[in-house]
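Student: Residues per chain are reported as follows:
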Amino acid sequence: MANKLIVSLSPHVHNNDSVQKNMYGVLIALIPALLVSFYMFGLGAVIVTLTSVIACVFFEWAITKFILKRERTTIMDGSAILTGVLLAFNLPSNLPLWIIIIGALAAIGIGKMTFGGLGCNPFNPALVGRIFLLISFPVQMTSWPEVGQLTSYTDATTTATPLALMKMAVHGDTSALEQLPDTLTLFLGNNPGSLGEVSALALLLGLIYMLWKKIITWHIPVSIIATVFVFSGLMHLVDSTAYASPLAHLFTGGLMLGAIFMATDYVTSPMTHKGMIIYGVAIGFLTVVIRLFGAYPEGMSFAIFIMNAFTPLINTYCKPKRYGEVVKK
Amino acid sequence: MKTFRIGGVHPAENKLSAGKAIETLGLPKQAVFPLSQHIGAPATPIVKKGDVVKVGTKIAEAGGFVSAAIFSSVSGKVNKIDSVIDASGYRKPAIFIDVEGDEWEESIDRSTTLVKDCLLSPEEIVAKIKNAGVVGMGGACFPTHVKLSPPPGCKAECVIINAVECEPYLTADHRLMLEKADEILVGVSILMKAAKVSKGYIGIENNKPDAIKLMTAKSVNYAGIVVVPLKVKYPQGGEKQLIDAVIGRQVPAPPAIPINVGAVVQNVGTAYAVYEAVQKNKPLFERVVTVTGKSLKNPSNFLTRMGTPMSQLIDAAGGLPEDTGKVIGGGPMMGKALVNTEVPICKGSSGVLIMNDKEARRGEPQSCIRCAKCVSACPMGLEPYLLATCSAHGDWERVEHEMIMSCIECGSCQFTCPSHRPMLDYIRLGKGKVGGIIRARNAKK
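Chains H and A, in that order, give the protein sequences.
Position one of the first sequence corresponds to residue 1 (the numbering used here), numbered consecutively onward.
Position one of the second sequence corresponds to residue 1 (the numbering used here), numbered consecutively onward.
If you're looking for bench data, these hints aren't it; they were derived computationally from the structure.
Take these hints with a grain of salt, some might be off.
[Said to hold, decoys possible] If you want a taste of the chain H side facing chain A, the calculated C-beta under 7 Å gives, among others:
| # | residue |
| --- | --- |
| 1 | Val7 |
| 2 | Leu9 |
| 3 | Asp17 |
| 4 | Ile110 |
| 5 | Thr114 |
| 6 | Gly148 |
| 7 | Ser152 |
| 8 | Lys213 |
| 9 | Arg322 |
| 10 | Tyr323 |
| 11 | Gly324 |
These numbers were taken from a predicted model, which means no experiment stands behind them.
Quick reminder that beta carbons are idealized off the backbone N, C-alpha and C, glycines included.
Start from the sequences and build out the full structure, keeping to the hints where you can.
Tutor: Structure below.
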């Protein structure tokens with residue numbers, strides 16, 4: 001009997017959390033937005049999402065097996081599926097298959113496996129894929145189909161997005177903002193855009209789920225949303241014909257998708273609450289700066305990408321509040 | 001409801017034996033007394049082979065100021081002074097006594113009548129506690145008389161009684177409160193007198209409502225004692241966390257100690273031992289031990305003589321189950337896995353936990369995904385992932401700078417890690433190395 005006892009150091013119990021549970025938890029949180037995208041963009045959304053997920057999982061499997069030559073692949077941990085869904089969410093629903101596959105290769109290959117796989121990548125892989133495609137295929141990446149064309153894919157008719165209208169207003173088109181859909185429409189998602197980003201409501205449901213399941217904390221999404229609201233609100237007060245209302249900023253483009261799902265990526269965001277708030281505020285600020293003063297209509301992905309690069313620096317200088325710093329009440 | 005401010009986790013409570021009254025365990029055939037069952041210098045044996053001892057006879061003298069005397073828990077003959085593997089897994093010198101009969105020292109008051117009044121001076125109380133070998137019963141085993149002798153320049157303001165029992169499974173303190181409430185409260189009053197303070201707080205977690213109710217009702221008869229119900233959160237029984245939870249103060253980083261913020265923290269079991277030592281002349285030679293586990297037939301609480309092998313407790317609780325994978329001395333968060341079941345019960349043995357083979361195995365470690373859950377969980381406000389990684393790389397300078405010595409080894413980080421990383425293993429390695437470096441540096445000065 002005595003010789004078969006296991007001896008190890010404490011703790012001897014675990015809360016049974018796992019990487020898989022967290023990854024699949026985020027995937028569950030993405031379901032409302034996924035359903036909205038199917039409802040708004042129909043066949044196109046289904047094709048883009050499936051292609052992106054299958055391509056991401058395939059590239060992760062192939063690179064682990066044939067290039068890194070590891071015995072165990074990590075495709076079952078859910079992170080490649082998550083990257084696939086998030087990449088798809090950042091693409092127009094009429095994007096040709098071959099471009100999606102290139103995006104998936106950039107995301108998994110360059111964004112993730114080059115650095116050693118899950119946990120080692122400095123930048124959010126799905127963002128790497130999106131930015132790679134945005135720079136390589138600017139035309140295809142910036143023409144979005146109108147909502148409601150449920151049976152069309154690459155043949156869908158395209159239209160200007162709310163963000164494009166907002167950019168026109170900044171450039172002096174005084175009537176552009178009047179063509180914006182009303183705030184409720186923007187909030188529900190009945191407007192053109194990348195397939196997963198349109199419905200702020202669906203994404204917020206995902207946020208509530210992730211907070212409830214303690215997958216993420218409130219710090220990053222709330223600090224991004226609050227900063228965008230305050231900064232764009234101030235600009236709106238300065239000139240309401242050139243600068244759209246803060247609610248329009250919050251409910252358009254990739255803002256909610258970025259704040260809730262992209263910026264909160266575990267691997268590429270800061271580790272301390274203080275750091276998360278600095279990171280979130282900077283992302284919100286950069287997003288509004290790019291949207292209002294930059295060349296691109298959307299700044300969310302660039303803002304997150306830039307702040308991903310600052311994450312190690314933030315981790316070095318933002319320490320948690322140590323016990324004992326407060327000596328007396 | 002009060003609790004500590006930084007970090008914390010919620011392990012499943014599994015208090016299987018909470019409803020079981022304390023039973024007195026039978027005498028062992030042979031009792032084994034390791035000479036180091038407290039923090040500080042080992043005790044020095046004052047008996048030799050063949051000596052006849054009684055229950056309560058002093059068999060080893062304290063080996064210094066930070067040390068504690070050891071008393072025989074049985075009557076009989078000293079068989080040998082040899083070594084035994086104790087709960088730490090190391091072989092340590094110990095006194096072996098063959099049990100014959102059950103004859104007690106006459107000075108011990110064996111009646112159960114409550115002796116409420118204590119007319120001794122604080123100094124006399126401390127001397128009596130020291131002379132009874134009382135140490136902290138929560139597991140750390142720090143000699144009680146040392147805590148009651150504050151260093152020059154420090155003044156105690158209150159006594160905080162640790163009745164939190166935040167370790168899952170363990171119920172020894174809980175049962176003690178339900179069955180010996182008045183004795184504990186007298187013990188607390190004595191500790192307050194010894195520490196020269198007028199305030200005493202008893203911190204009890206909210207998962208023991210019966211104990212909170214009983215202690216609160218009884219405490220009105222004792223001046224200055226307040227029962228503080230606490231929100232359930234691990235590691236609230238950590239000394240520093242308890243001080244924060246009860247009086248809202250935080251002890252600065254080491255070398256500062258609780259007395260620097262005016263607090264003297266004692267375990268509830270210690271308060272009971274102090275009562276027995278001071279009012280009943282009974283040295284510390286028996287304690288309540290929880291024997292528990294999901295596969296165990298009868299999880300129980302036993303009043304056990306020191307030196308009893310753990311196998312005897314396990315047999316009394318229904319025997320070692322077939323599927324046993326691990327036997328732990330203490331609770332599942334901070335307890336030590338034992339190499340065999342013959343390890344003797346010591347002053348700090350609060351429980352014996354049997355885990356089945358499945359529970360006993362660790363999960364497969366995966367890459368760190370930087371989820372920061374360990375940072376949120378750490379009750380000391382450290383960054384466990386960083387300390388573990390830098391320790392693994394041997395960067396001792398960095399881990400010292402990142403305050404590795406503040407780690408209380410509560411295990412919250414590893415408990416919460418979705419990647420099942422063995423962080424605390426590496427942090428312990430780092431603490432050991434940095435501790436050595438600091439000692440060497442101080443020796444040079």
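Student: Hints first: check each against the structure and report whether it holds.
Tutor: To see whether the hints hold, each was checked on the structure:
Hint status for Val7(H) relative to chain A: holds, with the closest Cβ pair at about 4 Å, below 7 Å. The criterion of a C-beta within 7 Å of any C-beta in chain A is met by Leu9(H), whose closest approach is roughly 6 Å, and the hint holds. With a least beta-carbon distance of about 4 Å to chain A, the hint placing Asp17(H) at the interface is held under the 7 Å criterion. At about 19 Å, the closest approach between the beta carbon of Ile110(H) and any beta carbon in chain A exceeds 7 Å, and the interface hint on this residue is violated.
Below 7 Å, beta-carbon pairs count as interface contacts, and Thr114(H) has none with chain A, the closest being about 15 Å; its hint is therefore violated. This hint is violated: Gly148(H) has a C-beta 39 Å from the nearest C-beta of chain A, more than the 7 Å allowed. Hint on Ser152(H) is violated. Least Cβ distance to chain A is approximately 39 Å, over the 7 Å limit. Hint on Lys213(H) is violated. Least Cβ distance to chain A is approximately 12 Å, over the 7 Å limit.
Look at Arg322(H): its Cβ gets to within about 4 Å of chain A, closer than 7 Å, so that hint holds up. This hint holds: Tyr323(H) has a C-beta 4 Å from the nearest C-beta of chain A, less than the 7 Å allowed. Among the interface hints, the one on Gly324(H) holds; its C-beta lies about 5 Å from the nearest C-beta in chain A, closer than the 7 Å criterion.
Figure legend: structure checked against the earlier numbered hints; hints not met, in rising order: 4, 5, 6, 7 and 8.
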